[in-house]
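Participant: Sequence:
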Amino acid sequence: MVTVITMPTTVSATASATTICLGNTLTLTGTSTGAISYSWVGPGSYSAAALNPPGFATTAASAGIYTLTATNTCGNTSATTASVTIVTVPTAVTASLSATPLCAGDALTLTGAASGATSYSWSGPGSYSAAVLNPPVITTSTASAGIYTLTATNVCGNTTATTASLVINTVPAAVSATANSTTVCAGDALTLTGGATSSIPVTYGWSGPGGYSSSAQNPPVITTTTASAGIYTITATNACGNTTATTASVVVNTVPTAVTATPNATALCSGDVLTLTGTATSPITTTYSWSGPNGYTSTDLSPVGFTTSTLSAGVYTLTATNTCGNTTATTAAIVINTIPSAVTAIASDTTLCAGDALTLTGTVTNATSYQWDGPNSYVSTNLNPAAIITSTLSTGVYTLTATNGCGSTTGTTALVTVNRTPTLVTATAAPTPLCSGATLTLTGTATSPITTTYSWAGPNAYASTDLSPIGFVTSTASAGVYTLTATNSCGSTTAITASVIVRTVPTGVTATASPTTLCSGGTLSLTGTSSSPITTTYSWSGPNSYSSAVLNPAPFVTSTLSAGVYTLTATNICGSTTATTASVIVNRTPTGVTASATPTSVCSGATLTLTGTATSPISTTYSWAGPGGYSSAVLNPAGFTTTPASGGIYTLTATNTCGNTTAITVSVIVVGPPTGVSANIVVGALCSGFPMSLVGTATNATNYNWSGPAGYNSALLNPPAFTASTASSGTYTLSAGNSCFTVTATASIVIAPLPAMGPITGSTTICVGGVSNLSDTVLSGVWSSANPAVATINGMGIVTGVTPGTAMISYTNTNSCGTALATTTVTILPIPTFIPVTGSSMLCQGSASLYLGGLSGGTWASNNPSVATIDASSGLATGMMPGTAIISYTVSNGCGAPVTDTIAVNVITAPDAGNIFGPVRLCMSDTIRLYNYTTGGTWHVVNNHAAITSTGGLVTGITSGVDTAYYVVSNMCGTDTTRYPFYVYTPAQCAALGVGAVTVNDINCSIYPNPNAGSFTLSGSWIEGDNEATIEIIDLLGQVVYKKSITINNYKIDEQVQIGGDLSSGMYMLRINSANAHQAIRFTVSQ
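All the letters of the sequence shown, read from the start, carry residue numbers -17 to -1, 1 to 1070 under mature numbering (1 follows the signal peptide of the UniProt record, and there is no 0).
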C-alpha cells in the first residue's frame, strides 16, 4: 500500500489581541493539519517552536506581524497573524496656567498637552473639574487658589501633570476710616486715621468735603472750616482693585451767622410802637441780648414792641452767643418825630382883576409836606407856590395844610375878590362875501358890570366908536377883518368879524404851452394862471377837440393832430377872462424801419450781409449794433467775415430830432467749433466690479461719440454707468461735433482686479479633539471660525474639533480692491457614547412604528426580519408576522469604538374574536355559560332578555325572547366582535320543549411546564361532564402541526402530550374543541 503525504494544510496563525497595552501578555495560537514541527517568528527577534507557544509580556518592540511555519517531510506552509499594535499610556502630558498670581474675578485659562490620550480630566481647588484638554476660561475666586491636575487617559491607563500653584489675591479688606471728633468748631483741628489689610502692597487716597484729598494713610491734622463738614472717604488700592470706607459725618459748628437786627420802622412819631426783630443762624444752642437808647434791654431774639418817646431815638444792638463765640448786629438809627406847628397862610392882595397875579405865602415849623387848597379847585404842594393868574373863579378863601409823618396843621387867608374885563363881546359883518360896490353893515355886542367904551377898526383905515355903526359902500380895499374893542377899568376885550371878501372878475389870466415845437408822441404841458379871491372855474379848448376843466391840466401825449393854438377861460360869479397859447408845432420819429441779415445760418469764417430801410421827413442818422461788438453807421453796410462771436441778433437804429426807431434781424446762427470739450472718468474705486461712468463736457456741440477699450462706444455725452473690469483699462476718447467742426478729448484709467479666491479643500468631518488641515489655492489669506466653541482654526488652516456640531470656516483674501471670501462647513462628530433606544416594545403585524436613538448617524438592524424589518437610516420598523425581533441601533462614526443598544419588539396580530360556543336555549332565571377560545375579551347582550357577566360569560334568563350575545376582543392593533344568538323561554315553554336546567362549569385548562421541550401535561376543568374532544397545536404560520383526540371525564381534562423534538423552538397555540366549548392556550417550545 502507498501512502501519499502532502505539505501541511489548514495552517492559521492568530494573536490573542491585535491592539494590546505595553506589558500585557500576548498569546499566539496556531492550527495545522499534517505538520510534524512548527516555527513562530515575529518582531523583536521573537521565535518559538510550539504550535501554541506560551504567552509573553509585550514591549514596544513586540508590535508587528507574527508568522507560523508548519513543516513535514514534504515541505512547509506559513500563515501570519494580523498586525499587532502596542499601545502605551499617554505621554508628554503637561498642564499650565495662563498666569499666576491673579486677582479674584480674573479669567484663568488652563492649557494641557498630551500624546496618545483619548480622554482628559482636570481637577483642582474648589472641586473644579473638566473633561476637555483645554477647558473653557474660569472666572476665579479665592477658592480657585492651588494646584490643578490634568489626567490624560487611554485604554492602557493614564498619566497626570500638575500646574504651578495658582495664587489668588483680593482687593484690600478690613478698610477703616475714623475722625478724632465728629463735632468741632470752625478752626478746630481734625485728625483722620485709616487702616486696611492686604497680602500685596497698598496705596491710600483720602477724599472729603471742600475738595479735601490726601495720599497718606494717616494724613496731617486739618484746620477745619465750615467747608470741612461731611463724610471723609479712604480708598485702599492694590493691584486687584480698591476698597473704600467712610468716617462718621463730621459736623463743623460756627459762631452764629446771618445775625440781623431790624426795626419795624426807622422813623416813627412820638407815641408809636417800635418793634425790634432779630434773626440768627446757629446749629447749636444760642442766647440773645438787645441793648439801646434810654437804657433799653431784652433777652428775646424778637422782643415785644414798646411805645416810643423822643428819648427812644438812636441805634439798637443785638448780640447772638453760642459755645463757639458771639456775633452782633445793629439797627439803623431810629428817628422820633412830632406834628408840624406855627402854621400861617397870607394872600398878596384881596381885591384884583381877573388875570392879575395872586401870591400865596405860608410859614410852618417841622413839616415835611404842604398843600394849598382854594377856589376853582386850586391845589399846590409848595409852601410858597408860584403866583396864580386869577380869573373870576379865583374869588374865595385859600387854606394851607402842613403835614409830616406824625400828622397835619392848617392856616387860612382873608377873602380874595377878583373882577373881570367885558365879556360876551361879538363882532359881525354882513353880507360876506360880496362884490365890489355893495354895502357892508357891522354889528357888535358886549357884557360888562362896570362902565365900558367901544372902538371898531378895519381895512382901508375904517374906524367907529359905535357898538353897531351905520353900513358903508365897499371897494376891493374893504376886504379883510373888522375888530370891535370893549374896555372897562380891568382892561379890554376884542372880537373880530369873519374876514370880509370883496369879489372881482378873474385877473392876471395867462395860457402857456410847453414846448411849442415837439415830436409826435412827446408830452405837451399846458399851464394857466389866474387871480380871483373867490371860486373860479376854468376851461381849456384846442386842436383835435382838446378840452380840460383844470387850470393846469395833466400833460398829454401828442400826435400830429395836436398842432395849433390852445385857449384858457377863467370864470367866477362876477364874470370871466380868457387867454391863448402860442401856436404848437408837432413833428414825428422815422417810420418803416426794417433790418435783415443774409444768410441767417453760417459757419464761422463766412460773409454776413446786413440790409436796412427807413422813412423820415427830417434829417436822419443810422446805427447798426450786433454780437461781438459789431457796429456800423451806414444804412446798408458792406458784408463782413463772421466768427463764433458773430452769432445773434443785429439791431438797426434810425434817429432824427424826434427820437429813434429800431428794427432787428432774425437771430443769426454762427456755427463755431465746440469748446470746453473734456473727457472725465468717474469710478467708485479703481477696482473690478465697481460702477464706472464716463462724464463729458462740451459747449456748442450737437453730436457726441465715445470710444474706448474692449470696443467701447457710445453716442451720449454722459453715457450710462457700467461695471468696470480689468478690460476697462485704457484711454477713452470723446468726440464732440456740430455741422461745421469736430473736437476731441481723452481720459485714461487703469482698473485693478479683485482679490482671487479658490475653493477650500480638505476633510470637513472631524472628531472632537481631532484635527484636519484645510487649504486653498490662493495663499496669504486669513482663516477664521464662525463658531470657535465647536471648531477652532489656526493661521495654517488646521481645524481642531472642540464640541459636536457644525461651524462655518471662512478664508478671506484682501487686496486694495476688497476682500474675497470662501467658506466651508465642518462637522464635528462626537465620541460615541451610550445611546439608549426608545420606542414601543409592541408592534402590530402590517403596521409601522418609528424608533429613536440617542445619537444621530447610526444604523438600524433587525435580528429577525421575517418578524420585523427596520429601515437602516430612518428607524421606521414594520411588523411582518407574529413573533419577537431584536431591534439594534449602532453608531460608528470613526471617532471611537462603535456603540450599540437594542430593544426587544413583539409583533402581534390584529385580534380575532373567534367563535362562541355554549347552549342556545335557557329558561327564565336559569344560568348558562358561553365560551370563546380567544381570551381577554368582554361579553354583552343587546336585547336585554338576559343578563351576562362581562368577563365570565355567565348568562341568566330574564324575559322570554331571542337575544344575541357579543364577544369583543381588543388590543393595540384593533377590535374584533363575534355574535351568538340564543333563546330565553318561560317556565311553561321550557316544560313543553323539555328544556331542563343547565349545570354551569368553567373552562379552565392549562399547560405545564410552559415553556417546555415538546412534552407537557394538559389539565383542568371543562363544561361538559363526559364527552369527546380534540386538541390541535398550531404554529405561528397558522399550520396545524399536531392533532389528537382526547376524552373528557366528569368535567375534567388530564392528558399527557409527548411530541418531543418534532417541534422546533418558538411560540405555539394549543386549541381544545368539544361539542359545546373551545379553549386556546399559548405556550413556548425551547429546544
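Since the hints were made in silico from the structure, they are not lab data. Hints may be right or wrong, so weigh each one.
[What the hints assert, rightly or not] Listed next, with one range per pair, are the computed distances between beta-carbon atoms:
1) Met791 x Leu699: 55 to 63 Å
2) Ser746 x Ala769: 42 to 50 Å
3) Gly837 x Ala114: 42 to 50 Å
4) Ile632 x Thr563: 43 to 51 Å
5) Asn277 x Thr206: 18 to 26 Å
6) Thr574 x Thr500: 17 to 25 Å
7) Ala769 x Pro184: 23 to 31 Å
8) Ser602 x Ile632: 22 to 30 Å
9) Thr574 x Gly622: 22 to 30 Å
[What the hints assert, rightly or not] Straight-line distance between alpha carbons at most 25 Å, and here's what the computed SDA-like set of lysine to any residue pairs gives:
10) Lys1026 x Arg1065
11) Lys1027 x Ser998
12) Lys1035 x Cys973
13) Lys1027 x Asn1010
14) Lys1026 x Gln1039
15) Lys1026 x Cys973
16) Lys1027 x Pro970
17) Lys1027 x Thr960
18) Lys1027 x Thr917
19) Lys1035 x Thr960
20) Lys1035 x Leu1020
21) Lys1026 x Ser998
22) Lys1027 x Glu1015
23) Lys1027 x Thr1000
24) Lys1027 x Pro994
25) Lys1027 x Ile1016
26) Lys1026 x Glu1015
27) Lys1026 x Thr1000
28) Lys1035 x Glu1007
29) Lys1035 x Leu1019
30) Lys1026 x Gly1003
31) Lys1026 x Met864
32) Lys1027 x Glu1011
33) Lys1026 x Ile1016
34) Lys1035 x Pro970
35) Lys1027 x Thr1013
36) Lys1027 x Ser1004
37) Lys1026 x Pro964
38) Lys1026 x Pro994
39) Lys1026 x Ser1069
40) Lys1027 x Gln1039
From the three backbone atoms N, C-alpha and C, an ideal C-beta is built for every residue, glycine too.
Participant: If a hint holds in the structure, say so; if it does not, say that too.
Facilitator: Hints versus structure:
1. A C-beta distance of roughly 45 Å is found between Met791 and Leu699, which places it outside the suggested range of 55 to 63 Å.
2. Taking 42 to 50 Å as the suggested C-beta distance range, the pair Ser746 and Ala769 does not conform, at roughly 18 Å.
3. Taking the beta carbon of each, Gly837 and Ala114 are about 18 Å apart, not inside 42 to 50 Å as hinted.
4. The hint said 43 to 51 Å for the Cβ distance between Ile632 and Thr563, and at roughly 49 Å that hint holds.
5. A beta carbon spacing of about 45 Å between Asn277 and Thr206 contradicts the range 18 to 26 Å that was offered as a hint.
6. For Thr574 paired with Thr500, a C-beta distance near 20 Å keeps the hint of 17 to 25 Å intact.
7. For the pair Ala769 and Pro184, the beta carbons lie near 45 Å from each other, so the given range of 23 to 31 Å is not met.
8. At about 27 Å, the beta-carbon gap between Ser602 and Ile632 stays in the expected band of 22 to 30 Å.
9. A hinted range of 22 to 30 Å holds for the C-beta pair Thr574 and Gly622, which are about 27 Å apart.
10. Restraint check for Lys1026 and Arg1065: the C-alpha separation of about 15 Å stays at or below 25 Å, so the hint holds.
11. Between Lys1027 and Ser998 the alpha-carbon distance is near 14 Å, which keeps this suggested pair within the 25 Å criterion.
12. Taking the CA atoms of Lys1035 and Cys973, the gap is near 29 Å; set against the 25 Å cutoff, the hint is violated.
13. Proximity of Lys1027 to Asn1010 is assessed by CA-CA distance (about 14 Å); at most 25 Å being required, the pair is judged to hold.
14. Distance hint between Lys1026 and Gln1039 is fulfilled; the C-alpha atoms sit about 13 Å from each other, no more than 25 Å.
15. In summary, the hint linking Lys1026 to Cys973 is not supported, as the alpha carbons are separated by about 39 Å, beyond the 25 Å threshold.
16. Of the supplied pair hints, the one linking Lys1027 and Pro970 is violated, its CA atoms being roughly 41 Å apart against a limit of 25 Å.
17. Pair hint Lys1027 plus Thr960 does not hold up; C-alpha atoms about 29 Å apart against a cutoff of 25 Å.
18. With a C-alpha separation of about 20 Å, the suggested pair Lys1027 and Thr917 falls inside the 25 Å cut-off, and the hint holds.
19. With a C-alpha separation of about 29 Å, the suggested pair Lys1035 and Thr960 falls outside the 25 Å cut-off, and the hint is violated.
20. Only pairs whose Cα atoms come within 25 Å are accepted, and Lys1035 paired with Leu1020 is rejected, the gap being roughly 30 Å.
21. With a C-alpha separation of about 14 Å, the suggested pairing of Lys1026 with Ser998 holds against the 25 Å cut-off.
22. Distance restraint check for Lys1027 and Glu1015: the Cα-Cα separation of roughly 7 Å lies within the 25 Å cut-off, and the hinted pair is therefore satisfied.
23. For the proposed pair Lys1027 and Thr1000, the alpha carbon gap of about 14 Å is at most 25 Å, so the pair holds.
24. Of the pairs offered as hints, the one joining Lys1027 and Pro994 holds, with about 20 Å between alpha carbons and a cut-off of 25 Å not exceeded.
25. Restraint check for Lys1027 and Ile1016: the C-alpha separation of about 9 Å stays at or below 25 Å, so the hint holds.
26. Note on Lys1026 and Glu1015: the hinted pairing holds, with a Cα-Cα distance of about 4 Å set against a maximum of 25 Å.
27. Taken as a hint, the Lys1026 and Thr1000 pair is honoured in the structure, with Cα atoms around 15 Å apart against an allowance of 25 Å.
28. As the CA atoms of Lys1035 and Glu1007 are separated by approximately 8 Å, the hinted pair is consistent with the 25 Å bound.
29. Distance check on the hinted pair: Lys1035 and Leu1019 sit about 28 Å apart at the alpha-carbon level, beyond 25 Å; violated.
30. For a cut-off of 25 Å, the pair hint linking Lys1026 to Gly1003 stands: about 19 Å separates their Cα positions.
31. Of the pairs offered as hints, the one joining Lys1026 and Met864 holds, with about 24 Å between alpha carbons and a cut-off of 25 Å not exceeded.
32. Only pairs whose Cα atoms come within 25 Å are accepted, and Lys1027 paired with Glu1011 is accepted, the gap being roughly 11 Å.
33. A threshold of 25 Å between alpha carbons decides the hint, and for Lys1026 with Ile1016 the separation of about 6 Å falls inside it, so the pair holds.
34. With a C-alpha separation of about 31 Å, the suggested pairing of Lys1035 with Pro970 is violated against the 25 Å cut-off.
35. With a CA separation close to 6 Å, the supplied pair Lys1027 and Thr1013 stays within the 25 Å bound.
36. Simply put, Lys1027 and Ser1004 have alpha-carbon atoms about 18 Å apart, close enough for the 25 Å limit, and the pair holds.
37. A hinted pair counts as satisfied when its Cα atoms are at most 25 Å apart, and Lys1026 with Pro964 does not qualify at roughly 30 Å.
38. For the proposed pair Lys1026 and Pro994, the alpha carbon gap of about 19 Å is at most 25 Å, so the pair holds.
39. Straight-line distance between C-alpha atoms of Lys1026 and Ser1069 comes to about 20 Å, which keeps the hinted pair within the 25 Å bound.
40. Among the hinted pairs, Lys1027 with Gln1039 is consistent with the structure: their alpha-carbon atoms are about 11 Å apart, no more than 25 Å.
The structure fails hints 1, 2, 3, 5, 7, 12, 15, 16, 17, 19, 20, 29, 34, 37 (numbered hints given earlier, in ascending order).
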